[in-house]
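So the chains spell out like this:
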Amino acid sequence: MIKTIVSVVGKDQVGIIAKVSQELATLGCNILDISQTLLQDYFTMLMLVDVTGSKLPFMELSSHLKDCGEKMGMEIRIQRTEIFDAMHTI
Amino acid sequence: MINSSQIMQTIRMIKEDKLDIRTITLGINLLDCASEDTKRTAQRVYDKVCRVAKDLAKTGCEIEAEFGIPIVNKRIAVSPVAMIAQGDPLPIAIALDNAARELGIDLLGGYSALVQKGFTNAERRLIDSIPEALSRTNLLCSSVNVGSTRAGINMDAVYRMGQIVREIAELSKDNDCFACSKLVVFCNAVEDNPFMAGAFCGAGEPECAVNVGVSGPGVVKRALETVRGESFDVVAETIKKTAFKITRMGELVAMEASKRLGIPFGIVDLSLAPTPARGDSVAHILTEMGLEMAGAPGTTAALALLNDAVKKGGVMASSHVGGLSGAFIPVSEDIGMIEAAAAGELKLEKLEAMTCVCSVGLDMIALPGDTSAETIAGIIADESAIGMINNKTTAVRVIPAIGKKAGDVVEFGGLFGRAPIMEVNRCDCSEFVKRGGRIPAPLHSLKN
Numbered sequence: 814m815i816k817t818i819v820s821v822v823g824k825d826q827v828g829i830i831a832k833v834s835q836e837l838a839t840l841g842c843n844i845l846d847i848s849q850t851l852l853q854d855y856f857t858m859l860m861l862v863d864v865t866g867s868k869l870p871f872m873e874l875s876s877h878l879k880d881c882g883e884k885m886g887m888e889i890r891i892q893r894t895e896i897f898d899a900m901h902t903i
Numbered sequence: 024m025i026n027s028s029q030i031m032q033t034i035r036m037i038k039e040d041k042l043d044i045r046t047i048t049l050g051i052n053l054l055d056c057a058s059e060d061t062k063r064t065a066q067r068v069y070d071k072v073c074r075v076a077k078d079l080a081k082t083g084c085e086i087e088a089e090f091g092i093p094i095v096n097k098r099i100a101v102s103p104v105a106m107i108a109q110g111d112p113l114p115i116a117i118a119l120d121n122a123a124r125e126l127g128i129d130l131l132g133g134y135s136a137l138v139q140k141g142f143t144n145a146e147r148r149l150i151d152s153i154p155e156a157l158s159r160t161n162l163l164c165s166s167v168n169v170g171s172t173r174a175g176i177n178m179d180a181v182y183r184m185g186q187i188v189r190e191i192a193e194l195s196k197d198n199d200c201f202a203c204s205k206l207v208v209f210c211n212a213v214e215d216n217p218f219m220a221g222a223f224c225g226a227g228e229p230e231c232a233v234n235v236g237v238s239g240p241g242v243v244k245r246a247l248e249t250v251r252g253e254s255f256d257v258v259a260e261t262i263k264k265t266a267f268k269i270t271r272m273g274e275l276v277a278m279e280a281s282k283r284l285g286i287p288f289g290i291v292d293l294s295l296a297p298t299p300a301r302g303d304s305v306a307h308i309l310t311e312m313g314l315e316m317a318g319a320p321g322t323t324a325a326l327a328l329l330n331d332a333v334k335k336g337g338v339m340a341s342s343h344v345g346g347l348s349g350a351f352i353p354v355s356e357d358i359g360m361i362e363a364a365a366a367g368e369l370k371l372e373k374l375e376a377m378t379c380v381c382s383v384g385l386d387m388i389a390l391p392g393d394t395s396a397e398t399i400a401g402i403i404a405d406e407s408a409i410g411m412i413n414n415k416t417t418a419v420r421v422i423p424a425i426g427k428k429a430g431d432v433v434e435f436g437g438l439f440g441r442a443p444i445m446e447v448n449r450c451d452c453s454e455f456v457k458r459g460g461r462i463p464a465p466l467h468s469l470k471n
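Line by line, the protein sequences give chains U and B.
To get the numbering used here, take the position in the first sequence, counting from 1, and add 813.
To get the numbering used here, take the position in the second sequence, counting from 1, and add 23.
Possibly wrong hints are sitting among the right ones.
Distance condition first, Cα-Cα at most 30 Å in a straight line; then the derived DSS-like pairs of lysine-lysine [to be verified]:
(1) U:879 / B:77
(2) B:282 / U:868
(3) U:884 / B:38
(4) B:71 / U:868
(5) B:38 / U:879
(6) U:816 / B:38
(7) U:879 / B:282
(8) U:884 / B:81
(9) B:38 / U:868
(10) B:282 / U:816
(11) U:816 / B:77
(12) B:81 / U:879
(13) B:38 / U:832
(14) U:816 / B:264
(15) B:71 / B:282
(16) U:824 / U:884
(17) U:868 / B:77
(18) B:38 / U:824
(19) B:77 / B:264
(20) U:816 / B:71
Calculated directly from the structure, the hints in this document are not laboratory data.
Using the sequences provided together with the hints, build the complete structure.
Laid out in structure tokens, this is it:
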């Protein structure tokens, strides 16, 4: 399993979760968990996503999601979870 | 499980505080490339570097994309070329530069000689060839070690390097003497340093190794903003915690690069390396501690605390720490240093004091164009003495800006930045540097 964190940050609008989830489903990526907060119109969503079944290689998947985000005026990043584990756990 | 705020903290460090991996540097042993014929040696060098490092740039880009952490440079450090060069070493310089270009990496270091105790014939030839080698190549970096705590200081080499620095400046005067930024003169050079211009693969290194240099002054500054007005105990703790996080990321990237390249992991260099971008400055960490500008009284103490706390925080985060490890203070590559130098508040003498407590030495400092070889040699001698006596690495990377005077600015661009030209003490030191011979190793070199 290749676990990643997909982070979606930007101004709140209708259908963010729907669009990102749809996009990930189309690409063959499995959402394992979602957390989402809204702070003064500022939307932040973190998704734990397994990309083992992704139809695209990682670099293309990453740039595809980035482009999707830009169309919505949001910033979307995908990063393997190891970077967060390394930084915050001993 | 990591929580949301920790994830967002990491993302913010990368996005806003310019956290990055400064370099993945592949050390490659070239001693087996030596032959009696320099041209054949050059061909072997080219072939070996291209073979061993063929996946370096691609792997760096893949790790960057998958972990979402910028890897600014992919570099190579090779065995000191003086060790493999019989006859004219220039063809090897050209071969290395060609290999670097072919591989799509950023810099290649190791056009080097270690002459702290004296010259071999090959080392003399290599040093003589440095000005031409650096003016005929783009990506090649050179370093010469002129002193060590164990051997003392080779004053013949010190004077010669003063002359060499001037020759390089003359040859690249149409380009703001940029070639000088690719040469560093060391005392106590280390064998596994991933940072340029001084990286080389030392004689005690394995066949090849992955060494990683981390960065992140912006992250440290941001962390210190949350403890304004608190005591130095709190400041030191805050820096340690931040350095731990930064270094853990360096360790992860180093391990991953090592696994993917099939090359053993060497070390992580616990470094704070600035860039000229705003928010990526070591000087601004010092000002965050309460100084008006880098160079103010208190600067050396602030830097000493910073340097020590970075090491203490970082050392537990990595299985093998090495390289130069500490805070870098290159003037042209740090917006806070540039501002302080331009305002006349940061002077050469203060920088010299700062080098006693930081990672390396007098780095990326532009001097007036009429600074003599003897004066540059005097500066190298002083800096080497600091390194020799204090058991630390020191270095000199200065740029005599031909045709310019103190107060003017030289522009290098990119990571190299821009440098306001600093005034230099004009008193004559030529009789001193021309004495030659060796300054003996200090008493405390006798440790056995």
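Hints, verified against the model:
no., hint, verdict
1, U:879 / B:77, "holds, 29 Å"
2, B:282 / U:868, "holds, 24 Å"
3, U:884 / B:38, "holds, 20 Å"
4, B:71 / U:868, "violated, 36 Å"
5, B:38 / U:879, "holds, 14 Å"
6, U:816 / B:38, "holds, 21 Å"
7, U:879 / B:282, "holds, 28 Å"
8, U:884 / B:81, "holds, 28 Å"
9, B:38 / U:868, "holds, 28 Å"
10, B:282 / U:816, "holds, 18 Å"
11, U:816 / B:77, "holds, 28 Å"
12, B:81 / U:879, "holds, 20 Å"
13, B:38 / U:832, "holds, 24 Å"
14, U:816 / B:264, "holds, 26 Å"
15, B:71 / B:282, "holds, 20 Å"
16, U:824 / U:884, "holds, 13 Å"
17, U:868 / B:77, "holds, 27 Å"
18, B:38 / U:824, "holds, 17 Å"
19, B:77 / B:264, "violated, 36 Å"
20, U:816 / B:71, "violated, 37 Å"
The structure shown violates the earlier hints numbered 4, 19, 20.
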